[in-house]
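Here the protein sequences line up with chains H and V, keeping their order.
Oh and the first sequence: position 107 is 107 in the working numbering, straight run, nothing missing.
Oh and the second sequence: position 320 is 320 in the working numbering, straight run, nothing missing.
Everything hinted at is true.
Below, computed lysine to any residue pairings styled on SDA-like, alpha-carbon distance capped at 20 angstroms: (1) V:K163 x H:G24; (2) H:K113 x V:Y155; (3) V:K250 x V:Q231.
Hint data in this document are derived by calculation from the structure and do not stem from the laboratory.
Here the structure is a predicted model, which means the values were calculated and not measured.
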Amino acid sequence: MEYVIAFVVGGLVCVVGQLMMDVGRLTPAHVMSTLVVAGVVLDFVGVYDKFIDFAGAGATVPITSFGHSLYHGAIGEAEKHGLIGVVTGIFEVTSPGISAAIAFGFLASLVFKPKG
Amino acid sequence: MDSKKQMSRVNRQTWHFSQDVRLQASAVAVGPKEGEGPLAALFDKIHEDMYAGQQTWEDAERQLMEDAVTTVLRKAGITDQDVDAILAGDLLNQNITTNFAAEKLAIPLLGMYGACSTSMLTLSNAAALVNAGYANKVIAACSSHNATAERQYRYPTEYGGQKPPTAQWTVTGAGAGLVGIGGSGPRITYATIGKVVDMGIKDPFDMGSAMAPAAVSTLQAHFRDTGRSPQTYDLIVTGDLASVGYPIVKELMRQDGYNMEPMYNDCGLMVFRPDQDVFAGASGCASSAVVTYSHIMDQLQKGLLQKALVCATGALLSPVSYQQGNSIPCIAHAVALEGGA
Numbered sequence: 001m002e003y004v005i006a007f008v009v010g011g012l013v014c015v016v017g018q019l020m021m022d023v024g025r026l027t028p029a030h031v032m033s034t035l036v037v038a039g040v041v042l043d044f045v046g047v048y049d050k051f052i053d054f055a056g057a058g059a060t061v062p063i064t065s066f067g068h069s070l071y072h073g074a075i076g077e078a079e080k081h082g083l084i085g086v087v088t089g090i091f092e093v094t095s096p097g098i099s100a101a102i103a104f105g106f107l108a109s110l111v112f113k114p115k116g
Numbered sequence: 001m002d003s004k005k006q007m008s009r010v011n012r013q014t015w016h017f018s019q020d021v022r023l024q025a026s027a028v029a030v031g032p033k034e035g036e037g038p039l040a041a042l043f044d045k046i047h048e049d050m051y052a053g054q055q056t057w058e059d060a061e062r063q064l065m066e067d068a069v070t071t072v073l074r075k076a077g078i079t080d081q082d083v084d085a086i087l088a089g090d091l092l093n094q095n096i097t098t099n100f101a102a103e104k105l106a107i108p109l110l111g112m113y114g115a116c117s118t119s120m121l122t123l124s125n126a127a128a129l130v131n132a133g134y135a136n137k138v139i140a141a142c143s144s145h146n147a148t149a150e151r152q153y154r155y156p157t158e159y160g161g162q163k164p165p166t167a168q169w170t171v172t173g174a175g176a177g178l179v180g181i182g183g184s185g186p187r188i189t190y191a192t193i194g195k196v197v198d199m200g201i202k203d204p205f206d207m208g209s210a211m212a213p214a215a216v217s218t219l220q221a222h223f224r225d226t227g228r229s230p231q232t233y234d235l236i237v238t239g240d241l242a243s244v245g246y247p248i249v250k251e252l253m254r255q256d257g258y259n260m261e262p263m264y265n266d267c268g269l270m271v272f273r274p275d276q277d278v279f280a281g282a283s284g285c286a287s288s289a290v291v292t293y294s295h296i297m298d299q300l301q302k303g304l305l306q307k308a309l310v311c312a313t314g315a316l317l318s319p320v321s322y323q324q325g326n327s328i329p330c331i332a333h334a335v336a337l338e339g340g341a
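Here chain V stands alone, though its shape is the one from the complex (with noise of 0.2 angstroms):
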């Protein structure tokens, strides 16, 4: 037993999945402006309007979540019924969409905030349970709609509020991945926790700069507790930096000695197209989520890439804080996905 635990604790940080933990089946819920994205192809479900048919953003935030958890449910051939747990979170307050969508889905709930870390944060905690043996299967979900988290964190979009340049948009979506013992699909190898930095920035329309630090943490713990280097991956993707936090992680590890070229990018600036006006690029839960639950999936299923590390970033201030003056506290929760043609 003790030896068993050495092997999933590597450090402070980072656990090891002993066993054939796996990525076995993922599915991706967005809306319209991300449907014209470049990755179109690759989602599960589109929605032609920001409602999707429902009342209120709200509700249609909910319907996203529920469409990624379905979707993932239909594409491994199981039933809710098989799920022992679904692990999940979004951007509301009390986690709201998440605590909806759960009770229609009836499979029982651990709800997780780690703000746009998120994704990471539920894969790497389902990752453990399925490890440890706690569970069989289990579902990783994150939400986020670009209405609904104007309102939560800025102004509601009907007030028409101006925007600089820096600020990003967004991700109006939902994914969902299953996490199981063996079978197809990419191995779940490492996840590194983040620990929370707060640089001192308090401007909440420029996240970037605030979470770069935070994502440059933790891939530095990530390579350190492992032994690898950024070039034991084929892509290394942080959660939603943008135009504005990507060239600072690069900038960072650098000077720490990490060569990020070429293998790095940011879903921040794969989710939509420069001349969507999306100002810096994409955030959300979302952003890291849709990415990684479509355009990664399916490339370590074609065998496209090895290796990938998902390094989602989560900007952690509750709008009470920020209108007190106080900074933005960040973190960011990397996992090692591996193989799976």
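Only chain H is shown next, with the shape it has when bound in the complex (with noise of 0.2 angstroms):
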């Protein structure tokens, strides 16, 4: 049941993305902005976390999370550090997410030449 509710609500965050490009007429980088800010949005009113609890995975993987993350990360490094600690706190929560897509991008283009 875990896998059937992570697999729906995962797909539904998929399906706010899609009307947003379809209907909304936003381009990919709009969608994708839009949506990380939407994370950073239900994690201030507390919502996020118990989104978390719900449905894992369904919640984690969508870019949606990003924000979350970034949002942790920020103000758990201001507490303890301050202002300066909202700025080392985004790329200390984000940074094993953010190198490794640098890592594997890199990876990938020196094995794979685009076809077009």
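Starting from the two chains in their separate frames, assemble the complex, guided by the hints.
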């Protein structure tokens, strides 16, 4: 049942993104940024953690969870180090994901040539 | 002299070529997907991959243009020394494909930009130069490449952005036509140059709707100026309106009393089969060029067509104008081709 919920909820987040592109006529970059900011806002109002408890990977895999991570990192470090922590905290929690994206992107570019 | 001027200028938008100006030869080079399409048998050169043996897609597009021009020279049995000028254009910044290709070809160049209307922009001007006696033989050429156009106007293909069904597939290819006085090949009789029409459409993934009114404007100007009707022609094609823009043109023309059945078609619907995953259909400079310089030329030479009108449509947006929220200005240029058997 856990899997089913994760599958359905994650899919619904993607449906929202698809509607933003097809109906709202937003560009892919706008859709991505909007969903990230939505994750931040949902975490700010205290909803996102409950959302993760409910849907598991359905809430952590979509891009909205990146906003959730950004918010958590910024607030956590801000409590310890003040304003400067807002900046360092963002990088602390999100750096594994971003580093992995850069590293694997680089490796893929060595092996593959785009076909068009 | 004055009478000759009168004979050439029909009206503000329409030129009549009073001399025996002919499309003496034509050639087409394309990429792999076009080579699987319904017109494949008529294409002179089909490259098996998108790189056309080059390192980058931009280099590949140059190769396509060079292939088209060298092939047209070979088919006409002449050398580059026999050609007085090449009128050419493409879709990339500063017409860069054309500039590099013309450097290699060593033919005097007039670079022209009309977005996807470049095929008929160059052909009409080539005919005018020859008709007026400024040149004996002129080559009109243009090119587009799917991956370079995506990078130029939308997203690099590696980005993997989604496209809506109204989007079109830029043709990878180049076409070249040799224009001269006399000889064989269809006569170039009229050209109608377009006015820019902007209906306020801003979506670069819906070029068909944006360009349709420009095609209507030029077609109606052509019929008004020449006293002809759609029924004068066995075939009328627009350049790259595809399945979205094609019915709009038909309907707008019908509302103004022009019956476009059954001779009207769109090059954007002729290059690919519907099952080739090309969204609404083909687009790009090469869309009208590869159809005109292969299929239409062939049909005119075989006598299967007597009179054809090619109305190439162009969306004159730039990436910056679109990002700043401007609408898409559009244009269409038409050229009439006749006989040739």
